[in-house]
Amino acid sequence: MRLSHKYSALLVLLAVVAVAPLFFPSSYYYRVASLVCVNGLAVIGIVILTGYAGQISLGHAGFAGIGAYACALAPVHLGLHPGAALVLGALVSAGLAFLVGRPILRLKGYYLGVASLGFGILVSMVLTNESAITGGPDGMQVADLGLRGWLAGIGLRLTTGQFWYFVNALAMLIGAWLALNLNERATGRALRALHGSETAAATVGIDVARAKLSAFVISAVYASVAGSLLALQNRLVTPDIAGYMHSIEMVTMAVLGGVGSVLGAIFGAAVLTLLPQVLTAFDQYEQIALGLIMMLVMIYLRQGIVPGLLALIRGRGT
Amino acid sequence: MTSHWKAIALAGVASLALGFTVRAEIKLGATLSETGPASFLGDPEAKTLRLLVEQINAKGGIKGEKIKLTIYDDGGDPNKAKTFATRLVEEDGVVAIIGGSTTGASMAVIPVAEEAKVPFISLAGAIEIVEPVRAYTFKTPHTDKMACEKIFDDIKKRGFSKIAMLSGTDGFGASMRKQCTAVAPKWGMTILVDETYGPKDTDMTPQLTTIRGNAEVQAIVTPGFGQGPAIVTRNYHQLGIKAPLYQSHGVASFSFIKLAGAKEADGVRIPGTAMLVVDQLADSDPQKKVAKDYMTLFEKATSQPVSTFGGYAHDAFAIFVDAAGRAKSLKATDIRDAIETTSKLVGTTGTVTMSKTDHLGLDLDSFRMLEIKQGGFDLVK
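From first to last, the protein sequence lines stand for chains P and Z. Going from the first sequence to my numbering is simple: count from 1 and add 52. Going from the second sequence to my numbering is simple: count from 1 and add 945.
Read the hints as simulated data drawn from the structure, not as lab findings. Treat the hints with care, since some could be wrong.
Computed spacing ranges between beta-carbons, pair by pair [said to hold, decoys possible]:
no.	chain 1	residue 1	chain 2	residue 2	range
1	Z	Gly1212	P	Gly135	54 to 60 Å
2	Z	Gln1000	P	Phe75	38 to 44 Å
3	Z	Thr1298	P	Gly135	44 to 50 Å
4	Z	Lys1301	P	Ala136	54 to 60 Å
5	Z	Arg1079	P	Val71	34 to 40 Å
6	P	Gly135	Z	Gly1158	39 to 45 Å
Computed from a prediction, not measured in an experiment: that's the story for all the values here. The beta-carbon is built from N, C-alpha and C at its ideal position, and this holds for glycine as well.
Kindly produce the complete structure, drawing on both the sequences and the hints.
This is the structure in structure tokens:
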């Protein structure tokens, strides 16, 4: 029996995640790999919003910021466990995405992009300026999750790098599984239908506004959880996480790898996380090399690296 | 297809370059904001480190061993700074890390350095970096608290005690305002008016009018950074306020005088480093030679004027070289011990004497009180 697309994609991911540590000589590699996973998780949210539903957001770092600061603030002010703070952050992000999404998802194309950009910048400004609560531009420390200590208590000793690699990889796998499931359900079909044509989707009875809003809320939760995990791993948050550049980075990762496919987007996240590390050998030419590689990919593999290469292998060309 | 193979080839070349190491070298690492919003800090810092390493290697290195410097550009992003610090420690095997141009980046490097037991010399301002004292973390720039104390000391010497404050709400201004408010009672200062302005405000006349309205105010202190303090200075001049104006060390540079206007800034006092008044220092001043040598080296190689920030990197490197020379061995932990016993080391920022309870090692004398006169700085004696 042939495996469905969903399970083959998940199996590929699982295999890579499980085998990769065998080639990690030091905890630096675990650190970079854990960043790949956490970026991968955020980018899966972009796949749901942009790849499935065809909506653009240039403000998703705002949700990552909310998730991150929830983990920094809730343990201090509300006495919550950092793990519970992650859930709280996701809820706040979902609620805010619901409120913000209703008006701005009426906009299309560039207008939607600019409105979402404005939202992201607002979040980042609040985090920077409310320094009495957020610590301002210098950021604040984040409490320890405590899970590593607990694991050590039951005899499973992991270094910080290993622990966060496995936590983030697990989160990314669950995120990928949920996104692939969604794609096969009615909601996923509705999203793809409105991606093709909103008018056509509406005529077959799809509630277009509701479908778009649900995609926006779901992708906000992905960004929020990714932000929380990053904050808990770094034990420090600064407003950079909600910054405009971070939003652009998320969209670029998804588009580079292939925004229509979960595997592609994760691959894009991996490429853009690893490249700056590899390209440090070029010193000041690093930015030029990075830009050149991205331009070449965009010119020759327009659908993104993974879908583009798959099409090449199947002989259809790009 | 071709682009794909190019990418693989590039990655291959890069990993070869990374894996290639030379033996018998002292490996020093740095993570700095060479690009991005904090590049005005990171760029002179990186240039300074490269120049100094080149200079010392030409003279034969430390104890006959050359220094191999690895600098990564974190763009001021704490997340990247943490990754690069991990890389410096794990992959490059450095014995010390210099850097963190910003407070955020420094705070991200601290846990990595402490866990790996590698000494870390930060180039960022905030007092949180060295308070509480952590075993492996040191820093070179003055703290905001010291700038406040230096200003209050000068106000006190003039026989004044009633002040007004006008602070920026950016990270620098907010942090210094907090520190100034905290130490004011210790110096017998009473803050009569406490106003703020946004970092992008274009007119501070309303706040200054309030300050002028209070006849008891004897001096005005303005913690801030960037263009705000220059606007404050111009508005202060326009309103013809008599109480003397004090700016912070955040604007102790010639570009501030240019921005505010030489006429408008005349008479403004600023706590700054010796580098700004190097020619006015007495020949017996130990900082004169150090600051002059560094200025000559930097300006000749880069044709740019020196900045206080490059001076921070100069001092961090001097502390490292001094410690490596005295250390029992060139292991990271021995270098740390040597850094902690740094004594009377003359840098551009001041004379550094570290101890178990002081990982900054500067005192108030390291700040010079400067007054702007005819578009230049004058040393207040």
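Could you work out which earlier hints the structure fails to respect and list their numbers in ascending sequence?
Violated hints (numbers, rising): 4, 6; every other hint is consistent with the structure.
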